[in-house]
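Enquirer: Going line by line, the protein sequences match chains G and L. Numbering of the first sequence is given in numbering that gives the first Met the number 0, commencing with residue 0 and proceeding in unit increments. Numbering of the second sequence is given in numbering that gives the first Met the number 0, commencing with residue 0 and proceeding in unit increments.
Treat the hints loosely; a few may be bogus.
[Said to hold, decoys possible] Straight-line Cα separation of at most 25 Å, SDA-like style, residue types lysine to any residue; simulated pairs:
id, chain 1, residue 1, chain 2, residue 2
1, L, Lys100, G, Gly160
2, G, Lys487, L, Lys24
3, G, Lys249, L, Ala154
4, G, Lys490, L, Pro311
5, G, Lys139, L, Lys260
6, G, Lys249, G, Gly265
7, L, Lys104, G, Lys127
8, G, Lys396, G, Asn227
9, G, Lys254, G, Tyr189
10, L, Lys100, G, Lys254
11, G, Lys490, G, Thr25
12, G, Lys487, L, Ser171
13, L, Lys100, G, His108
14, L, Lys75, G, Gln449
15, G, Lys127, G, Lys154
16, G, Lys154, L, Thr308
17, L, Lys104, G, Ser462
18, G, Lys154, L, Pro51
19, L, Lys100, G, Asp527
20, G, Lys487, L, Gly172
21, L, Lys100, G, Arg44
22, G, Lys310, G, Ala412
23, L, Lys260, G, Lys127
24, L, Lys260, G, Ser331
25, L, Lys75, G, Gln489
26, L, Lys24, G, Leu190
27, G, Lys254, G, Ala242
28, L, Lys100, G, Asn227
29, G, Lys490, L, Leu174
30, L, Lys100, G, Glu529
31, L, Lys104, G, Tyr354
32, L, Lys100, G, Thr25
33, L, Lys260, G, Ala242
[Stated by the list, open to error] Going by beta-carbon spacing under 10 Å, a handful of chain L positions derived as facing chain G:
id, residue
34, Leu55
35, Ala64
36, Ser124
37, Asn200
38, Thr214
Hints in this document: simulated from the structure, not taken from any laboratory. C-beta: ideal position from N, C-alpha, C; glycine also.
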Amino acid sequence: MTRIAIDPITRIEGHLRIEVEVDGGTVRDAWSSGTMFRGLENILRGRDPRDAWMLAQRACGVCTTVHALASVRAVEAALGITIPQNAHLVRNLIAGSQFVHDHVVHFYHLHALDWVDVVSATNADPAKTAALQQSLSDWKNNSPTYFQGVLDRLKGFIGTGQLGPFAFGYWGHPAYRLSPEANLLAVAHYLEALEWQRGIVRIHAILGGKNPHPQTYAVGGMALRMANDAPTGLNRTTAGQIASAIAAAKAFVDKVLIPDVAYIAGEYRDWAAYGRGIGNYLVYGDFSDRPGDAASLIFPPGRIIGRDLSKVEPVDQEKIAETVAHSWYSYSSGDQKHPYEGETRPEYTGPNPPYETLADSEAYSWLKAPRYDGRAYEVGPLARVLVAYASGRAEVKAAVDGFLSRTGLGKDALFSTLGRIAARALETQILVNHLQGWLDQLVANMNGGQLQIADSASWQPGSWPAEARGWGAEEAPRGALGHWVVVKNQKIENYQLVVPSTWNGSPRDAGGNRGAWEESLIGTPIADPEQPIEVLRTVHSFDPCMACAVHVFDPTGGASTEIRVV
Amino acid sequence: MVERDHLDLASALEVRGVSRRRFLKYCAAMAAALAMPPAFAHTIARGLQASPRVPLIWLEAQDCAGNSEALLRAEKPTVAEVILDTLSLDHHHLLMAASGKRTEKAIEAVREQFPAGYVVVVEGSIPLADGGVYCMVGGRTFAEMARDVCNGALAVIAVGSCAWDGGLPAASGGLTGAVGVAGWLGDSGVKVINLPGCPLNPGNLTALIVQYLSTGRWPDTDPFGRPLFAYGDTVHQQCESLPHYRAREFVREWGDEGHRKGWCLYQMGCKGPSTNANCSTLKFNGGTSWPVGAGHPCVGCTTPRFWDTMAPFARVGGPLDLPAPTPVDYRTPVPGTPRPGGTAKPGDPTGTPGAAEPGEGAENTPLYVGIGAAVAAGAAGLGGFAALRARNRANPGADQPHEPPAAGPDEGDSQ
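Next up, chain G with everything else stripped away, as it sits in the complex (with noise of 0.2 Å):
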């Protein structure tokens, strides 16, 4: 008997901790943890809600912009704003080069080091990468020559026995399977990755002033200054900026990312069959042409129960409650809230510090457990991929189908951690292709003297209704995000945020239903306890994002459990 607790888990944002219970070199039971809070929506209660989204937005600096667009929907739809279709604009090109930007950031710098063994790329003969490399696409950099100079790069940087950030893996792990030659095409990746999204975050900076955290929002539209001949901002100049970063991150997307995935997915197909996880998968919908214009939405809103896809449910946020009893927090009355009515009281109640495991306390986790209807969801690029699919909306049925026939893959394979990680790079590159029709719509209102970026009718708090309340609904790189805030003479009453990793990471509920991520490491293999490098796959397969934790453990409590801490 074990049991595994991996504390920090690395390579995510926040403070993670995942406990597992291992029984014949297979996970059978697991718990997350998330192990850091810091209050945010206590710290929102009170100010002005047009500052919201600026304290929002710091909930998250990796997706970072993601928070501040759910913020101002959240304000504008509590005041009944319609935003002009500049600065929607706008907002879809900032929110869709983040998903471009962090997808590419977490596959190669995040979540690559699972599937790649950086050590192995040194026995790597460099005109066999060339080669594999023109096999994929015709990628600028695909010669011997260039292959031999990354080789001597990580020589040299091995040689100083420094390794830096590559030190302490689990390299030589039997898991690992690519060949030396393929885990050197990788690593030449993961370089050139650290290099190209310093380019495609330009278009933050341009149309937010920086990244990370822009600094453009406004309640009723966007602060971002727009006209042809504008000394800065947006204009004719910056538009053309703009779209070059564009065409360098398709072609990245294309020639780099989608052929890796697909050649990495075919060498781990066994992946296919684990961290299938809940099987319930929610959607709020996102990206449309217009403001308010569903039938355009890229990725549609809805549900899918028991992985169904011959039926889409509908969406209505009126039935997502957060209940807390597994929970560090407690509730004023009742075990669930609507976030319109959501607390957020901290009362820990884990064991006094330093402790060896979570798992054995009845409440385990800073994250509270959202669930729609009473049930457990995931969400995130597997959930948009899906549903939007199940709609028959042809942009993703032709990526998902193009994807399952290149790799040979069944339909069924997408339910699943290679799934995840193959839905993620689907969606990169559908919204790589919205980008340039966003720019040149915004570039042709400039042309024709069209610039109006905000409505600033409802802009004063003398216009607000005594009270009013809004939900902020977004899809967030890594899912379905929403912010809830109550608006009462002129203040923000009540804020509360349920975002995709307390979806994804939560604990159980009060019915003792696992949470996403607990309920996909049920079944993982695990050849050493020691190493658990499978854990990581599945977790980081949803690109967790926040402060969080997961055990792993060998079967369940007795006094016979030994727990190990790696």
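Given the coordinates of chain G, work out where chain L should sit on it, guided by the hints.
Expert: Chain L only, in chain G's frame:
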């Protein structure tokens, strides 16, 4: 010998894929960033030859990883150059391959091989309430872990406003007892350098590190432990909209004619006149733009307790109910404060904002409280702040707006 040295280094770097030309260009750019004469590039080149590379331990507390992401956006050097050539990034949760217990091994290895020879970066605030349970790493409180690691460091760099003075978790309504790094380490004697901002500008972090690697000295700092090369001037002093401020040309509404023409954002709530930072000159993301350039006011994120003292951020039209902006020039020593350039000792009540955390002797921090209160309420005359005011009055900057712009365009508007 200088030539010889850096040629050797350049050769070494070529093995790592960094061309000689690129390396020398980089050294020259760094010299410029630090406002040093061109010849200083040779000193930088020599300093970077140090082998082994200086280990860097990056710790994340109550954070959003925004400063880590900012590091990924660094341009000179790039993050790849930082990881592979400049430093040894031995511990950084966002990027490191190791997970779980092995992350602690990474720290132990550094401390064994380089006792007292590593640099620590802390991102995020440190929660002290309820025994520290609001931020736990590996089953231990972050607070305990951080004190342990920081105590052996050459210096601790607090990146972002949360690590400086508690930032967002310490804002009004926060329940976790969040403090900044200096506030937590107290008088342990550890050198703390603060790079506030939300997030910080990565150019300031790389410039700071390169200066240290090339000279062995940390840059001169103001009484808040902020390097003068980055926080010596106000945003307003170098703002591209300053001519419009002088001409009393103000934006009144998002997207109005003035907004499109790049007029001054002061009437929209800009905090640039009372914010010390180099955003307007360094800009962000490779010099692409900055908030004012994009069209939004500065929110004063390098200012003490800015989430409370600078809020509300949303303002429009006049007359202003903002306090008179009060620029503070930290380049000259203020009586009763540590000399800029000397170590702003953690725990020194006049030295760091962290010392003004609730329950940590805030009543003994006239300078800090004075500035915070004055910015918040427009009041002046508290303790050390009065001295600052007096000195500024004695030597007023021509473009420093002590009063809200008066007359003409402001009158007749209603809030």
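Enquirer: None of the hints should be skipped; say for each whether it holds.
Expert: A quick look at each hint next to the structure:
For the suggested pair lysine 100 of chain L and glycine 160 of chain G, the alpha carbons sit about 21 Å apart, so the restraint of at most 25 Å is met. Between lysine 487 of chain G and lysine 24 of chain L the alpha-carbon distance is near 57 Å, which puts this suggested pair outside the 25 Å criterion. With a C-alpha separation of about 42 Å, the suggested pairing of lysine 249 of chain G with alanine 154 of chain L is violated against the 25 Å cut-off. Between lysine 490 of chain G and proline 311 of chain L the CA atoms are separated by roughly 11 Å; this keeps the pair inside 25 Å, and the hint holds.
For a cut-off of 25 Å, the pair hint linking lysine 139 of chain G to lysine 260 of chain L is broken: about 41 Å separates their Cα positions. With a C-alpha separation of about 23 Å, the suggested pair lysine 249 of chain G and glycine 265 of chain G falls inside the 25 Å cut-off, and the hint holds. Annotation: proposed proximity of lysine 104 of chain L to lysine 127 of chain G is violated, straight-line Cα distance about 36 Å (limit 25 Å). Between lysine 396 of chain G and asparagine 227 of chain G, the direct Cα distance comes to roughly 38 Å. Violation of the 25 Å bound is thereby established for this hinted pair.
Annotation: proposed proximity of lysine 254 of chain G to tyrosine 189 of chain G holds, straight-line Cα distance about 14 Å (limit 25 Å). Using a Cα cut-off of 25 Å, the hinted pair lysine 100 of chain L and lysine 254 of chain G is violated, with the two alpha carbons roughly 37 Å apart. For the given pair, lysine 490 of chain G sits about 52 Å from threonine 25 of chain G by alpha-carbon distance, which is inconsistent with the 25 Å threshold. Of the supplied pair hints, the one linking lysine 487 of chain G and serine 171 of chain L holds, its CA atoms being roughly 19 Å apart against a limit of 25 Å.
Between the alpha carbons of lysine 100 of chain L and histidine 108 of chain G the distance comes to roughly 20 Å, so the proposed pair stays at or under 25 Å and holds. With a C-alpha separation of about 39 Å, the suggested pairing of lysine 75 of chain L with glutamine 449 of chain G is violated against the 25 Å cut-off. For the hint pairing lysine 127 of chain G with lysine 154 of chain G, the CA-to-CA distance comes to about 17 Å; that is within 25 Å, so the pair holds. Proposed proximity of lysine 154 of chain G and threonine 308 of chain L is contradicted: the alpha carbons are some 51 Å apart, above 25 Å.
Of the pairs offered as hints, the one joining lysine 104 of chain L and serine 462 of chain G is violated, with about 59 Å between alpha carbons and a cut-off of 25 Å exceeded. Annotation: proposed proximity of lysine 154 of chain G to proline 51 of chain L holds, straight-line Cα distance about 16 Å (limit 25 Å). Taking the CA atoms of lysine 100 of chain L and aspartate 527 of chain G, the gap is near 15 Å; set against the 25 Å cutoff, the hint holds. At roughly 17 Å between alpha-carbon atoms, lysine 487 of chain G and glycine 172 of chain L fall within 25 Å of each other, so this suggested pair holds.
Proposed proximity of lysine 100 of chain L and arginine 44 of chain G is contradicted: the alpha carbons are some 38 Å apart, above 25 Å. Using a Cα cut-off of 25 Å, the hinted pair lysine 310 of chain G and alanine 412 of chain G holds, with the two alpha carbons roughly 19 Å apart. Taking the CA atoms of lysine 260 of chain L and lysine 127 of chain G, the gap is about 56 Å. The hint is violated against a cut of 25 Å. At roughly 52 Å between alpha-carbon atoms, lysine 260 of chain L and serine 331 of chain G are farther apart than 25 Å, so this suggested pair is violated.
Distance hint between lysine 75 of chain L and glutamine 489 of chain G is unfulfilled; the C-alpha atoms sit about 45 Å from each other, more than 25 Å. Between the alpha carbons of lysine 24 of chain L and leucine 190 of chain G the distance comes to roughly 21 Å, so the proposed pair stays at or under 25 Å and holds. Distance restraint check for lysine 254 of chain G and alanine 242 of chain G: the Cα-Cα separation of roughly 18 Å lies within the 25 Å cut-off, and the hinted pair is therefore satisfied. Restraint check for lysine 100 of chain L and asparagine 227 of chain G: not satisfied, since their Cα atoms lie roughly 55 Å apart, outside the 25 Å limit.
Straight-line distance between C-alpha atoms of lysine 490 of chain G and leucine 174 of chain L comes to about 20 Å, which keeps the hinted pair within the 25 Å bound. A hinted pair counts as satisfied when its Cα atoms are at most 25 Å apart, and lysine 100 of chain L with glutamate 529 of chain G qualifies at roughly 10 Å. Restraint check for lysine 104 of chain L and tyrosine 354 of chain G: satisfied, since their Cα atoms lie roughly 18 Å apart, inside the 25 Å limit. Proposed proximity of lysine 100 of chain L and threonine 25 of chain G is supported: the alpha carbons are some 21 Å apart, at most 25 Å.
Only pairs whose Cα atoms come within 25 Å are accepted, and lysine 260 of chain L paired with alanine 242 of chain G is accepted, the gap being roughly 23 Å. Look at leucine 55 of chain L: its Cβ gets to within about 8 Å of chain G, closer than 10 Å, so that hint holds up. At about 4 Å, the closest approach between the beta carbon of alanine 64 of chain L and any beta carbon in chain G falls short of 10 Å, and the interface hint on this residue holds. Interface hint at serine 124 of chain L: satisfied, since its Cβ lies 8 Å from the closest Cβ of chain G, which is below the 10 Å cut-off.
For the restraint placing asparagine 200 of chain L at the interface with chain G, the shortest Cβ-Cβ distance is roughly 8 Å, inside the 10 Å limit, so the hint holds. Given the 10 Å rule on beta carbons, the hint for threonine 214 of chain L is violated: about 22 Å separates it from the nearest Cβ of chain G.
Consistency with the previously given hints fails for numbers 2, 3, 5, 7, 8, 10, 11, 14, 16, 17, 21, 23, 24, 25, 28 and 38, ordered from lowest to highest.
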